[in-house]
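All chains, full assembly: derive it from the sequences and hints.
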Amino acid sequence: MARVVVDVMLKPEILDPQGKAVQGALPRLGFAGISDVRQGKRFELEVDGELTDERLAEVHEIAEKLLSNPVIEDFSVYVEEFADDEDDEQ
Amino acid sequence: MRIGVVTFPGSLDDVDARRAVTFAGGEPVALWHADHDLREVDAVVLPGGFSYGDYLRCGAISRFSPVMTEVVAAARQGLPVLGICNGFQILCESHLLPGALIRNDHRRFVCRDQRLRIENNRTPWTSDYAENAEVSIVLKNGEGGYVADERTLDALEGEGRVVARYLGGNPNGSLRDIAGISNERGNVVGLMPHPEHAIEDLCGPGTDGLGFFTSVLRSLVDA
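Residue numbers (my numbering), protein chains in the order written: chain A, 1 to 90; chain B, 1 to 223.
Among these hints, one or two may not hold up.
[Stated by the list, open to error] DSBU-like cross-link-like pairs, simulated, lysine-lysine; straight-line CA separation at most 35 angstroms: (1) B/K140 x A/K20; (2) B/K140 x A/K65; (3) A/K11 x B/K140.
Calculated directly from the structure, the hints in this document are not laboratory data.
Shown next as structure tokens:
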């Protein structure tokens, strides 16, 4: 079993009103010096069995097809941990 | 003429959309998201609401519902499809329309009577409007900001595919004040405002929205 993490972020040129709202709250809480906040999503996928290249490619497909909208978002995929294998293929 | 209206879990305006079809003189046909066939309808409306709770992204999960597989295939064959609000979001997620809809730039839900200009009256959904007709139709959304890259926006403008544009101030941050667009063929239209809420004087800002429903009925008869 392996955990594969997919991070999804709005593309830099897409306005992020949620991030702006968070950033706007910071000075009110007394935190200074944060010039920008962007909010994204993190997905943790528990993959059964051995994490082969094919399985990882499948996760990429999941990220591209469902977890992100390529029109407005970028994604990155990385393996967080291995339970039974030291293979460090990304 | 049979106009299908899809109900997804979380749809809100499916009943109003069916009622608008009846008002326009058509026969509304309720379609269910888990249906695998379109019950031989002549056109489809994807109504507003919060399908699948807007989980993940608005319209992202609806896109993969069984009925949408049928709608996408039929739309590519020329079936008239109108996506209203959440339906517009579903059409973008389905790649039947370019671009995407993101959270309103001012971060608040907007609900108001909205002035619009119908810039393209050559689609089956807008043919009953005069060219550049100015109308008032209800707008209510939290994620109605239309975005696309500059090349796509230029193409939409150049090909006359901006179906409706906001007048009197941009309500949600949509690029170039875009309220509605069509696909290249013109049979698929996405619209953020709600014409189904503007079909009778009793409970709406007027009847300016009825034209979307009479248009498609007439274009089906003429076809």
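Hints, one by one, checked against the model:
1. Restraint check for B/K140 and A/K20: the C-alpha separation of about 22 angstroms stays at or below 35 angstroms, so the hint holds.
2. A distance of roughly 28 angstroms separates the Cα atoms of B/K140 and A/K65; the hinted pair therefore holds under the 35 angstroms criterion.
3. Restraint check: the Cα-Cα separation between A/K11 and B/K140 comes to about 26 angstroms, which is no more than 35 angstroms; the hinted pair holds.
Checked against the numbered hints above, the structure violates none of them.
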